[in-house]
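The lines below spell out each chain.
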Amino acid sequence: GQNIDQPTEMTATEGAIVQINCTYQTSGFNGLFWYQQHAGEAPTFLSYNVLDGLEEKGRFSSFLSRSKGYSYLLLKELQMKDSASYLCAVTPMNTGFQKLVFGTGTRLLVSP
Amino acid sequence: DSGVTQTPKHLITATGQRVTLRCSPRSGDLSVYWYQQSLDQGLQFLIQYYNGEERAKGNILERFSAQQFPDLHSELNLSSLELGDSALYFCASSVTEMNTEAFFGQGTRLTVV
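Protein chains in written order, with my numbering: chain A, 23 to 134; chain B, 2 to 114.
Chain B with its partners taken away, still in its complex shape (with noise of 0.2 Å):
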């Protein structure tokens, strides 16, 4: 148990809908990361926050968002699904912005159908 939690664990839903993943990263962790994971392009970072702060965006589509909040933890907001955002989601923490060793998840496994 890495000390990261995400929810849901698993998350079905229809072609245009909307959802939040959610993530509380391990405590004393100040920045937090998403990561994309789909069968055929490996893991995707999507954005950090640190500290309640935006500090990186990788790639990441207009119609996702995220945010943190003041108690640390990490909202993925994604909306107007499509199929090819059938993934695994993933939450990673660390100490500082740093990264120098970051502590994933068990991730969320989105599927949209």
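Here chain A stands alone, though its shape is the one from the complex (with noise of 0.2 Å):
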């Protein structure tokens, strides 16, 4: 099976850096996808890693260790928009790639 793990809530304030972890069980894994969602809409595409490593874009990145089963996104110069959830997914190797398995997201509140 999979289970995926994120803090539930965080805070920050406006400026500043915060990191968003996950760590992930697979029985057989491909990739790993972070998304952004504000209440009550649509989850928005920030980042996929296959490989171990950072990729930045922007003012987001986000690490993988594919041995260790983490894998944080960090937000520089935080805004207030950027107040929303952080869902980290991941294809399962065993399922094949259709089906992405998401955390149940961590609420990032920033304020002033």
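DSSO-like mimics (lysine-lysine), calculated; alpha carbons at most 30 Å apart, straight line:
id, chain 1, residue 1, chain 2, residue 2
1, A, Lys90, B, Lys58
2, B, Lys10, A, Lys103
3, A, Lys103, A, Lys79
4, A, Lys79, A, Lys90
5, B, Lys58, B, Lys10
6, A, Lys98, A, Lys79
No lab work stands behind these hints, which were simulated from the structure alone.
Relying on the hints, combine the two individually framed chains into one complex.
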């Protein structure tokens, strides 16, 4: 089976840096996604990691360690609009590429 | 705007009823995925279609069914509705069935009373 763990909630202040961790245990692993979801809205794609290492996209970076079953999403220069839920999702190898398995998400609150 | 269109945006119905949710994928996308998101469960994969054929099934109840039509739009049918079926239902689409990047619609909020 699959198990994905993320902190339920985090708080940070505007302009700061925050790191949202995700650990996973799967019977096989293909890749790891991060999505952003504002309350009541659709998830939007942030990043996709297949290989170990850090991928940077503007203010957002995502890191993956396959051997440790660990990923993090790093948000720099936080803005109020970054207040949202951040969902970690994996594609387990034994189910093929078709099925994303999502964690329950981390609700990030950015305060002034 | 992701290019994925879902209708209706909101739906309120009574227990025991049947509803149909509709999804139009992005232009050129052949794969459609349905997800359910309830407050206590997070996003749960229901089912995937690719070019009209069912490709993968997740935790989809027998009371639920879906199909993808020749024009690639998809419908999710929910029957014998229960209070616990109240949730946000999202459709996502991608070009291939490899799902390396999928785009989500705005969702249909279903409330069963």
